[in-house]
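Enquirer: First to last, the sequence lines map onto chains A and B. Each residue of the first sequence is one higher than the one before, counting from 145 in the numbering used here. Each residue of the second sequence is one higher than the one before, counting from 3 in the numbering used here.
Hints are computed from structural coordinates only; laboratory data are not their basis. Bear in mind the structure is a predicted one, so any value in this text is a computation, not a measurement. C-beta atoms are modelled at their ideal positions from N, C-alpha and C, and glycine is treated no differently. Do not take every clue at face value.
Here are a few chain A residues that sit away from chain B, every Cβ distance over 12 Å (derived from the structure) [unchecked claim]:
hint	residue
1	E147
2	S148
3	R155
4	A158
5	D159
6	D164
7	A166
8	A169
9	S170
10	A179
11	V189
12	G197
13	E203
14	I206
15	P212
16	D219
So the derived list for chain B, only partly shown, Cβ under 7 Å to chain A, looks like this [as the list claims (entries may be wrong)]:
hint	residue
17	M3
18	Y19
19	F21
20	S24
21	L26
22	D27
23	A63
24	L64
25	V66
26	V67
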Amino acid sequence: MSESTEDRAKRVLADVFGLDAAAIASDTSVDTIEAWDSLQHLNVVIALEEEFGIGFTDEETITLTTLPLIVAIVDDHLS
Amino acid sequence: MTPTPLERLRETMASRYPFVVSALDRSRAEFGAAWEAELTEMLERVFPGPADLDAAAEGYALFVVDLLRRQRQFEQTGTYAAQTYEQAAAQVYFDEEFMSRQYLPGLLLSHYLWPHHFRQLRFFDSAFVAPFTNAGASAVTEIGIGTGIFSRRLLAAAPQARGKALDISPGSVGFARRHLEAYGLGERIEFEIKDATVDPEPCEWLICVEVLEHLEDPLAFLRALRASLQPGGRAFITTALNAANVDHIYLYRSSDEVLRQLEQAGFALEQGFEATAGPPRAPDVPVPAVVAYVVT
Numbered sequence: 145m146s147e148s149t150e151d152r153a154k155r156v157l158a159d160v161f162g163l164d165a166a167a168i169a170s171d172t173s174v175d176t177i178e179a180w181d182s183l184q185h186l187n188v189v190i191a192l193e194e195e196f197g198i199g200f201t202d203e204e205t206i207t208l209t210t211l212p213l214i215v216a217i218v219d220d221h222l223s
Numbered sequence: 003m004t005p006t007p008l009e010r011l012r013e014t015m016a017s018r019y020p021f022v023v024s025a026l027d028r029s030r031a032e033f034g035a036a037w038e039a040e041l042t043e044m045l046e047r048v049f050p051g052p053a054d055l056d057a058a059a060e061g062y063a064l065f066v067v068d069l070l071r072r073q074r075q076f077e078q079t080g081t082y083a084a085q086t087y088e089q090a091a092a093q094v095y096f097d098e099e100f101m102s103r104q105y106l107p108g109l110l111l112s113h114y115l116w117p118h119h120f121r122q123l124r125f126f127d128s129a130f131v132a133p134f135t136n137a138g139a140s141a142v143t144e145i146g147i148g149t150g151i152f153s154r155r156l157l158a159a160a161p162q163a164r165g166k167a168l169d170i171s172p173g174s175v176g177f178a179r180r181h182l183e184a185y186g187l188g189e190r191i192e193f194e195i196k197d198a199t200v201d202p203e204p205c206e207w208l209i210c211v212e213v214l215e216h217l218e219d220p221l222a223f224l225r226a227l228r229a230s231l232q233p234g235g236r237a238f239i240t241t242a243l244n245a246a247n248v249d250h251i252y253l254y255r256s257s258d259e260v261l262r263q264l265e266q267a268g269f270a271l272e273q274g275f276e277a278t279a280g281p282p283r284a285p286d287v288p289v290p291a292v293v294a295y296v297v298t
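If we strip away everything but chain A, and leave its shape as in the complex, we get:
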């Protein structure tokens, strides 16, 4: 079975923030990762774009602030 969008996004977040993927919960957000500032936000956005082979608009970029939102927006691109 192929890896779900959520699991792939968790792996991206874990890589960007140097965390264990198991530590990334389904409700992870900017509020639950202290190091998630504007520079890290861009790192998350670029890493997601590379992982999924997509490009986000600026409006999407400012909305990618929780794992559920990331999954929804990525799935929208992939559908």
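Position chain B against the provided structure of chain A, taking the given hints into account.
Expert: What follows is chain B alone, placed relative to chain A:
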């Protein structure tokens, strides 16, 4: 209880664009009550309703992510993406939706939320506004009015003074006019939509903030500015270093390059200021900075 405009701005940012809140908190911690009072007054006057504040927060978030993305590209290529004045003008200065939704609110808030920008405002107050008021000067010209924040600070501090503001962008002129009017200063400033980088008019006190990096040949412009400055006149000139904003064309990598051009144009340096946006993201990665000079 109704939140203050600053609380409302922070709440909106924290709930919708939390990745930008740390900049606000850093500035608040560094500059304290005076900063809070200044920012609160600006928010009350320029973004008076909750919807205005929410739109400003969104504009600022868009401004930041656009800038960061371009900065990352710049770190990889070593060059700015926009190559000509025409490209930047079409993409930015004449795009009123972009200017009013994102660029101008973002830029105005950056003067308070980015410590290096706020420190530059303080330098402007001490190195240019104070001598202006001490000299009893009565007229100032600003080339490239942008958001209007620099002329607003000077006119507010010098009740006898009148200003003239020029900008190529109709969106900038409209925003700056509303900004100055919101501070009760609209009667004392005259606006003109004009490319003032060509044949600048004679003046004694001149403000020219972050214009040089928008030009293909800033040295030619500086020479024209020097020629337009009347005897005894003084100019406040700033630019950005290593900052890949959408409309930056001319890349200054160091303050030495700017100082050399000011000297070549015939200006004499009176005071200088330089501040970076923060530490390098990685070794040898250029850091955006602002430089400001008072010259005669």
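Enquirer: Taking the hints in turn, state whether each one holds.
Expert: These are the hints, each one checked on the structure:
1. E147: Fine: 26 Å to the nearest Cβ keeps A/E147 off the interface.
2. S148: About 25 Å separates A/S148 from the closest Cβ of chain B, which puts it past 12 Å; holds.
3. R155: holds, 20 Å
4. A158: holds, 18 Å
5. D159: A/D159 is indeed farther than 12 Å from all Cβ atoms of chain B, at 16 Å.
6. D164: With a cut-off of 12 Å, A/D164 remains clear of chain B, as the shortest Cβ separation is near 22 Å.
7. A166: Its Cβ never comes within 12 Å of chain B, the nearest being 24 Å, so this holds.
8. A169: For A/A169, whose nearest Cβ neighbour in chain B is about 17 Å away, the distance exceeds 12 Å, so it holds.
9. S170: holds, 18 Å
10. A179: violated, 10 Å
11. V189: violated, 7 Å
12. G197: holds, 17 Å
13. E203: violated, 7 Å
14. I206: Violated: least Cβ distance 4 Å, not greater than 12 Å.
15. P212: holds, 15 Å
16. D219: Answer for A/D219: holds, closest chain B Cβ roughly 21 Å.
17. M3: At 24 Å from the nearest chain A Cβ, B/M3 fails the 7 Å test, so the hint is violated.
18. Y19: holds, 5 Å
19. F21: holds, 4 Å
20. S24: Since chain A brings a Cβ to about 5 Å from B/S24, closer than 7 Å, the hint holds.
21. L26: With Cβ-Cβ at 11 Å, over 7 Å, it is violated.
22. D27: violated, 10 Å
23. A63: holds, 4 Å
24. L64: holds, 5 Å
25. V66: holds, 6 Å
26. V67: holds, 5 Å
Comparing the model with each numbered hint stated earlier shows that hints 10, 11, 13, 14, 17, 21 and 22 do not hold.
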